[in-house]
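Chemist: These are the residues of each chain, in order.
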Amino acid sequence: MITLEHVEKHFGALHALKDISGQIVQGEVAVLCGPSGSGKSTLIRTINRLEEIDGGRIIVAGQDIHEKSLDLNAFRERVGFVFQQFNLFPHLSVLDNITLAPRKLRKVPKAEAEEKALLLLDRVGLREKASAFPTSLSGGQSQRVAIARSLAMSPEVMLFDEPTSALDPEMVSEVLAVMTELAQEGMTMVCVTHEMGFARSVADTVWFLEAGRVEAQLSSEEFFESGNNPRIRAFMAHVGRSQ
Amino acid sequence: MLDIIRENWVLLLIGNYPHGPVGGLVGTLLLASVSLLIALPCSVAMAMARNSHSRILRGGVTSIVWLMRGTPLLMVVFWSNYLVPLLLGWPVGPFWVMFVALVVYESAYLSEVVRAGINALPRGQSEAARALGLPESVTMFTIILPQALYNSFPALLTQFVSIIKETSLGFVIGVHEFTYSAAVINANLLVRPVEIFSILALTYFIICFSFASAARWVERRIRRNRGLSAQ
Chain A
1 MITLEHVEKH
11 FGALHALKDI
21 SGQIVQGEVA
31 VLCGPSGSGK
41 STLIRTINRL
51 EEIDGGRIIV
61 AGQDIHEKSL
71 DLNAFRERVG
81 FVFQQFNLFP
91 HLSVLDNITL
101 APRKLRKVPK
111 AEAEEKALLL
121 LDRVGLREKA
131 SAFPTSLSGG
141 QSQRVAIARS
151 LAMSPEVMLF
161 DEPTSALDPE
171 MVSEVLAVMT
181 ELAQEGMTMV
191 CVTHEMGFAR
201 SVADTVWFLE
211 AGRVEAQLSS
221 EEFFESGNNP
231 RIRAFMAHVG
241 RSQ
Chain B
1 MLDIIRENWV
11 LLLIGNYPHG
21 PVGGLVGTLL
31 LASVSLLIAL
41 PCSVAMAMAR
51 NSHSRILRGG
61 VTSIVWLMRG
71 TPLLMVVFWS
81 NYLVPLLLGW
91 PVGPFWVMFV
101 ALVVYESAYL
111 SEVVRAGINA
121 LPRGQSEAAR
131 ALGLPESVTM
141 FTIILPQALY
151 NSFPALLTQF
161 VSIIKETSLG
171 FVIGVHEFTY
181 SAAVINANLL
191 VRPVEIFSIL
201 ALTYFIICFS
211 FASAARWVER
221 RIRRNRGLSA
231 Q
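Protein chains in written order, with the UniProt record's numbering: chain A, 1 to 243; chain B, 1 to 231.
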């Protein structure tokens, strides 16, 4: 589904991504973790080209996403992206946030788009907030709406960039619950997260990044039993402490 | 002072209308409103051009903005007084000459206001739109501009106050506006200039102060609305 081949990225003098290769198959849930500054957010942002790469190739659903002939917007319709800061459109109601892309891009009639949006809101447990504005939502609710907004385009892959890092602790679980359900339905997902409980129970594979390099790419079981890798051990100890 | 107003209120309010062009206070407000109405979309276009990928477009519009910001309005008024009829090939009345001068001059200033409003939005807004696959034009017109213009509404209102004051420069090319009316009355009465121009100043002040106060009130409201949003 997603193949990375020798991906390189520089920010000026900073070598942010170093020769990253790997594969995520259809229906797989991959968690990217690692200390801050390790390049995991940059990496996930390259997968829908919010961040351009300097070298290597990224292939999503059989398509090289840096090919000149690629219709970037059409490609992005097929890849959902959830941000740390939710990035809901504050001047639009929850319903309009969700229906905007289907109506503008797929020319779905208003009634039909709203019907689907309400079903999605049901899924994230927020139907009663359909006509609310983002400013009146809690962080957890905002993020669930943001997930619904991405799902409205029926994406083939969902990318999550630290979806719970901006949330108060008591709201983390409601967002993780939605993500877990999504994973169980077979959605291909890539998640940058520090939620190791989520990684342990939901992820198929865990990528451990450090200083712009993929240090380890393990199945979830292997990762959580890999007591012999000192870097992962140090990271886990640190994450464990902060939770 | 009151007797001057009592005897000349029609001239002060609408100029020589209907025997001549609309003038007086109504002429002033009309000129300011029409200028703002046209300058605003021009300024939005200029603000977008200054954020565009095309270096030529960006450079061209930036030059215009710097040129206007570095030139007294009176120069622009003279300029358009001679240039606009020349370019069009037919005579143009002073009202429209002043209109052109104000639109050109104010578009430059307003574009800075609009651009600031656009740049002040969190980057996540356009990123979220891009991530959804929305093309740039849709992003601009449904996501960015509605928020940017709403947020910069107080600044736009403040700029409208400037335009009202600037219309008085139309006097030098014979635009029938409020200052012109006062000058006509002064020419008739000859001996009471202080009172006449006090009436003029006071009226400008009341109008501009009201708009400025409205701008402050709106700004407080917008701040409050923004304060609610944790984003």
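No lab work stands behind these hints: they were computed from the structure. Only a predicted model underlies this, so the values are computations on that prediction, with no experimental measurement involved. Check the hints yourself; a few may be wrong.
[What the hints assert, rightly or not] Only part of the chain A face toward chain B is listed, based on derived beta-carbon distances under 8 Å:
1. Asn-48
2. Leu-50
3. Ala-74
4. Ser-93
5. Leu-105
6. Met-153
7. Ser-154
Heads up, the beta-carbon is just placed ideally off N, CA and C, and yes, glycines get one too.
Chemist: Any of the earlier hints contradicted here, and which numbers?
Modeler: Violated hints: 4, 7; rest satisfied.
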